[in-house]
Amino acid sequence: MTQMTVNDAISAALAEEMRRDPSVLIFGEGVATKRRDLLGEFGPARVRNTPLAEGIIAGTAAGAAATGLRPVIDLLFAPFLCYAMDEIVNSAGKLRYISGGQFKFPMVVLAMTGAGWGVGAQHNHNIESWFVHSPGLKVAMPSTPADFKGLLKAAIRDDNPVLIFADIALGYSAGEVPDDIDAIPLGQAALRRTGDDVTLVSYAKTVGTCLAAADRLAEAGISADVLDLRSLKPLDEDAILRSVAKTGRLVVVHEASRLCGVGAEVAALVAEKAFASLRAPVLRLTGPDAPAPASFPLEQAFVPHADAVVAAVQSLVHGALAA
Amino acid sequence: MTALPPVEALERMMLERMMLIRAYEETLVDLHGRGRAAGTCTAIGQEASAVGVVAALTPDDLILTNHRSAGHLLARGADPGRMLAEVQGKSGGYCGGKSGSLHISARELGVVLTSTIVGGELALATGVGLSRSMQGGPGIVVCFFGDGAACEGRFHESLNLAAVWNLPILYVCENNQWQAFVHRKETMTADGVADHAAAYGIDSAVVDGNDPLAVFEAAAAAVAAIRRTGKPFLLEAMTYRLRGHFEPDDQSYVDPGELARWRERDPVILLRGRLERDGLLDASAAARMEEQVRAQMEAAAAFAEASPYPAPEELTRDVYA
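So the sequences go chain by chain: C and L.
Sequential numbering from 1 applies to the first sequence in our numbering.
Sequential numbering from 1 applies to the second sequence in our numbering.
Check the hints yourself; a few may be wrong.
Once the Cα atoms are required to be at most 20 angstroms apart in a straight line, the calculated DMTMM-like pairs of lysine to aspartate or glutamate come out as [claimed, not checked]: (1) Lys185(L) - Asp208(L); (2) Lys231(L) - Asp195(L); (3) Lys104(C) - Glu108(L); (4) Lys94(C) - Asp208(L); (5) Lys94(C) - Asp318(L).
Taking beta-carbon pairs under 7 angstroms as the criterion, some of the chain L residues facing chain C (in silico) [stated by the list, open to error]: (6) Leu124; (7) Ser131; (8) Ser252.
These aren't lab readings, by the way, just hints derived from the structure by calculation.
All figures in this text were calculated on a predicted structure; none of them were measured in a lab.
All C-beta atoms in this analysis are idealised placements derived from N, C-alpha and C, irrespective of residue type, glycine included.
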């Protein structure tokens, strides 16, 4: 086991995959400036700075991926992906299908998002569901350094475009990473805590929120399954349904806005396939339909907190929404 | 029979290809008119630019193109039957019917990542160029786009990155004067886009896009420079889109005088006339060419007609690798 931050875990995964496969390269805004170790080991052809031009970075990655390379690109902040939507959605996501399977796009897009730095709405926007909704793309949003390392390794080896969003607040958080960790398959959720009374489904930073809430609920005699989705597409539907079949109650927690968010998909899945198991309505705790503000108190108010999760679960078990 | 000198042989080959491209696109127009094909974009009038550039390439070179791709594909040797099948959504098409006319790729011919998003091909070309450059193999990358795409930000981003990274890309702007339903005079202050190249330190040339030999010579020089230096080059072929943006399109927005002037410069008629005047194409040879193209298009239409539609399970195949 080694203690490392999420940022270090990303570098470690990149280094291992670049050693393993000479077709892997990374480029983006400040990549060669910030990841000096990678530049030193792999040289300027495989670790490249780029102009601040997200569209051409993503397009270059798609073109390179279709013709034999495995690029990883760093687009810095998730909202900047708006400049790269055509290349990610229309090219990388569709040209395999449109061409009748003539091309594949083994590429990884990295970007940060989430509350914590007070950077405001043009640097903080949890847009993961946009890409879940777009065919041909895979999406992961891990919560631990070990998962960042394992999922990034899997994403680099995957023959499809994979977007990995890193929560800003998790970037410098440290955690144990097994020294021999290998690729963690996309599409496998992780059960972080086991309980019988309620299922808390989350991903990224709010997994920690759910774990904190589960501690407090345990003191009140309520035990919770805490399911960390890790991958949003493919989605581990079996893990969600298995847990809800056991607990009969579901609260989905994420920082992204509610409408058409991942929580809506999870709730619909459970309504369609596990309705008979439900003992209470499905609840979602999410960010509001508002841009993320910079002001610290407002930014904190944007994010679901443990208090709200505890209150929501108590309403399902003992309160107004209890069966 | 004595072999023709190389230039005349090349010109006859180019005329044959241009006649095939014209016949193919006229077939598309006809199919659309009879409700047998969905709306489509043609590049009638731009055949010389396609044929001239592609004739300057080797099989190792890769081509990116756009929604006006039929000329590039056929110049590269594409089977018109598989193209017609694709346009009609048939399983025998180059993309199994999932592309239709707008984004036909044919990897086996080196025509890759065709995109119908105006400017999309410019963003992908740098990646293909990066692969070529890093893999160290032979071959350069050619990216065909129009004057409309040159008004997209991606044109500038692409040129800038290709220049900064020394990518072996031949940018070919087919300036056909029209950007969908808008004349380029409404969207650009200059008559062309080649001048932009200098700002990025890229060499450029402008050529009469309706003269296939001139296009070939300019492209061959540009390709040689790229092979020698590994650096990008911008070639602008001044040409004209003789039909509308899309079928159907009555071109009521087009100045009749401008259209008439360019019709007089129809590249197929110009080349044929010159070869006949120079005694390089007699009436029987011309008739043989016409007959050959007609037979090719008949066979193509029969192939497309006989090709089945894709099976329902194709709907969700090849979404993911």
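Evaluation of the provided hints:
1. Lys185(L) - Asp208(L): 18 angstroms, holds
2. Lys231(L) - Asp195(L): Status holds; Cα separation ~17 angstroms.
3. Lys104(C) - Glu108(L): The hint holds at about 15 angstroms.
4. Lys94(C) - Asp208(L): Distance of about 35 angstroms is beyond 20 angstroms: violated.
5. Lys94(C) - Asp318(L): Between lysine 94(C) and aspartate 318(L) the Cα gap is close to 9 angstroms, so the pair holds against 20 angstroms.
6. Leu124: With a minimum Cβ separation of about 4 angstroms from chain C (threshold 7 angstroms), the hint on leucine 124(L) holds.
7. Ser131: For serine 131(L), the interface hint holds, since the closest Cβ of chain C sits about 4 angstroms away, which is under 7 angstroms.
8. Ser252: 31 angstroms, violated
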